[in-house]
Each structure stands twice: as C-alpha cells, then as structure tokens.
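Trainee: Sequence:
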Amino acid sequence: MTNKIKRYILLAGLSCYPKGWEDFRGTFDTVYEAQRYALSIGEEVFYLGLENSWAQIIDTLTMEVVSEAFGLKEEEVEWGVGI
Numbered sequence: 022m023t024n025k026i027k028r029y030i031l032l033a034g035l036s037c038y039p040k041g042w043e044d045f046r047g048t049f050d051t052v053y054e055a056q057r058y059a060l061s062i063g064e065e066v067f068y069l070g071l072e073n074s075w076a077q078i079i080d081t082l083t084m085e086v087v088s089e090a091f092g093l094k095e096e097e098v099e100w101g102v103g104i
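Under this note's numbering, residue 104 is the last one in the sequence shown; the count climbs by one each step, no gaps.
Among these hints, one or two may not hold up.
[Said to hold, decoys possible] 25 Å max Cα-Cα, derived DSS-like pairs, lysine-lysine: (1) 40 / 25; (2) 94 / 40; (3) 27 / 40.
Hints listed in this document are in silico derivations from the structure and should not be mistaken for laboratory results.
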C-alpha cells in the first residue's frame with residue numbers, strides 16, 4: 022500500500038459492531054475496486070462462520086457514503102447507495 026490517498030475509502034467489518042479505525046481497509050481509485058476488495062474480506066468471513074460482515078465506501082470529495090452492503094458473500098451481495 023502506498024501513502025497516497027485515493028478517492029474512495031473502504032470501511033469494512035466482520036460484525037455489525039463498528040470498531041472505529043480498525044474498520045479502515047484502504048483507499049481505492051474506483052468504487053468497483055473497493056467493492057471487489059470488500060468481497061474478498063467477506064469470503065474469508067463466511068469461511069469463519071461470521072455472517073454479519075458489512076462495508077461502506079466513502080467518496081473523499083463529497084465525504085458521503087456512495088455504496089454499502091451487508092453480508093459480504095459474493096453471490097448474494099447487493100450493493101446499495103448510502104443514505
């Protein structure tokens with residue numbers, strides 16, 4: 022990972038209990054890249070039997086959630102737009 026902050030921030034967790042900075046997963050050039058990385062985390066979570074995984078992607082220009090999902094299992098995930 023480089024020190025350059027990219028446009029989209031990914032926050033993701035293994036359960037629905039936010040842990041602050043521990044939920045930071047990285048920055049990405051596109052929403053799609055952040056989603057793909059979140060799904061890779063989600064697949065590991067399901068292997069461990071933890072089904073409450075979640076992700077939020079934040080646009081650093083607007084500081085708004087632009088995409089989010091719960092239950093990060095690739096064949097079932099539906100990415101929504103943040104409210």
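Trainee: Quickly compare the C-alpha distance for residue 27 and residue 40 to 25 Å and report which way the hint goes.
Mentor: Status holds; Cα separation ~22 Å.
Trainee: Keeping to a limit of 25 Å between CA atoms, is the pair of residue 94 and residue 40 held or broken?
Mentor: holds (21 Å)
Trainee: Do the alpha carbons of residue 40 and residue 25 lie within 25 Å of each other, as the hint requires?
Mentor: It holds: about 24 Å lies between the C-alpha atoms, which stays within 25 Å.
Consistency with the previously given hints is maintained throughout, with no hint failing.
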